[in-house]
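These protein sequence lines map, in sequence, to chains A and B. Mapping of the first sequence onto numbering that gives the first Met the number 0: residues 0 to 88, in sequence order. Mapping of the second sequence onto numbering that gives the first Met the number 0: residues 0 to 199, in sequence order.
One or more of the hints may lead you astray.
Each computed SDA-like pair below joins lysine to any residue, with the alpha-carbon atoms no more than 20 Å apart [said to hold, decoys possible]:
#	chain 1	residue 1	chain 2	residue 2
1	B	K80	A	G48
2	B	K10	A	G48
3	B	K62	A	T13
4	B	K93	A	R51
5	B	K2	B	T16
6	B	K93	B	P79
7	B	K87	A	F12
8	B	K80	A	T13
9	B	K62	A	T14
According to the in silico footprint, chain A covers these stretches of chain B (three or more CB under 8 Å from chain A) [said to hold, decoys possible]:
#	stretch
10	46 to 54
11	90 to 102
Everything labelled a hint here was simulated from the structure, so no lab data went into it. A quick note: this is a predicted structure, and the numbers were derived from the prediction, not measured. Idealized CB from N, CA, C, for every residue including glycine.
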Amino acid sequence: MAQFFFTQQLARFTTVPQVHTTAAQLRAGLDSAFALNPLLRGYVLDDQGRLRENVVIFIDGRRCADRIRLDDPLQPDSKVYVLQALSGG
Amino acid sequence: MSKRAYISTRKGLFELTREGGRWELGPVHFLGDPVTITLPDTRDGSLYAALNLGHFGVKLHRKDAGSETWTELAAPAYPPKPEDSDDKADWATKLIWSLEPGGPDQPGVLWAGTLPGGLFKSSDRGESWQLVRSLWDMPQRREWFGGGYDSPGIHSICIDPRDRNQMLVGVSCGGTWRSEDGGESWAVSANGMRADYMPP
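All chains should be built: construct the whole structure from the sequences, respecting the hints.
Structural data, given as structure tokens:
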């Protein structure tokens, strides 16, 4: 099953669940996590269900392709990291 | 004179108490996090704090009277934007800029003003929120524009303490809007307001 890892920065604010999911796409996998903690959704997605501007998701080392549809495929052994996007110089 | 003050800052919520003629620093809440506005609700003694966590968005918390702990509530959120909409506004809460209680005879009613310009109402102590469509859907709303922020926002909500149906909201930049029926309908009320730097 695909595994989701949420940045520990999020644990400062809300419960961060351990997620193992059979979901075939990214959004469905995220929904599995939001089912365990509905408040988590607002930390990762905005009002329109898009990935927040300063949040980034990597699936097996690749950045998610579409921040609106979130339809990247997941493999049974996928590892998905949900992180805050850092910037600066 | 009140003996307590709440100071919302970009680094937390600071509680001050006045004793012996001077202000003393009391508890500090949400240390290190941006608190955009705080509302002490004198109707039931609860305290509300709105945060803007940057990466993770706008949040709202409530501390009930006598409690030491905060509970996270659902933050005001915009409904799905219709796919065929030509509205240029981003229907997503960027900031809770104003927060006010309803009338004394409306326990649990709260109003929140946000960027990008939506007014929200809660009837259950902030557990859930509804966008006030009567104002959001006014055609003139699309002409509002940002001042210090990129998008417009409601910075002030005034409820007449003698008659809760009399409401006035201030918009930056979009004038003041008045409702005489508790938010069911709105009309601009900005006669005489004119910025010298704007074209006539």
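Contradicted hints - numbers only:
2, 7 and 8
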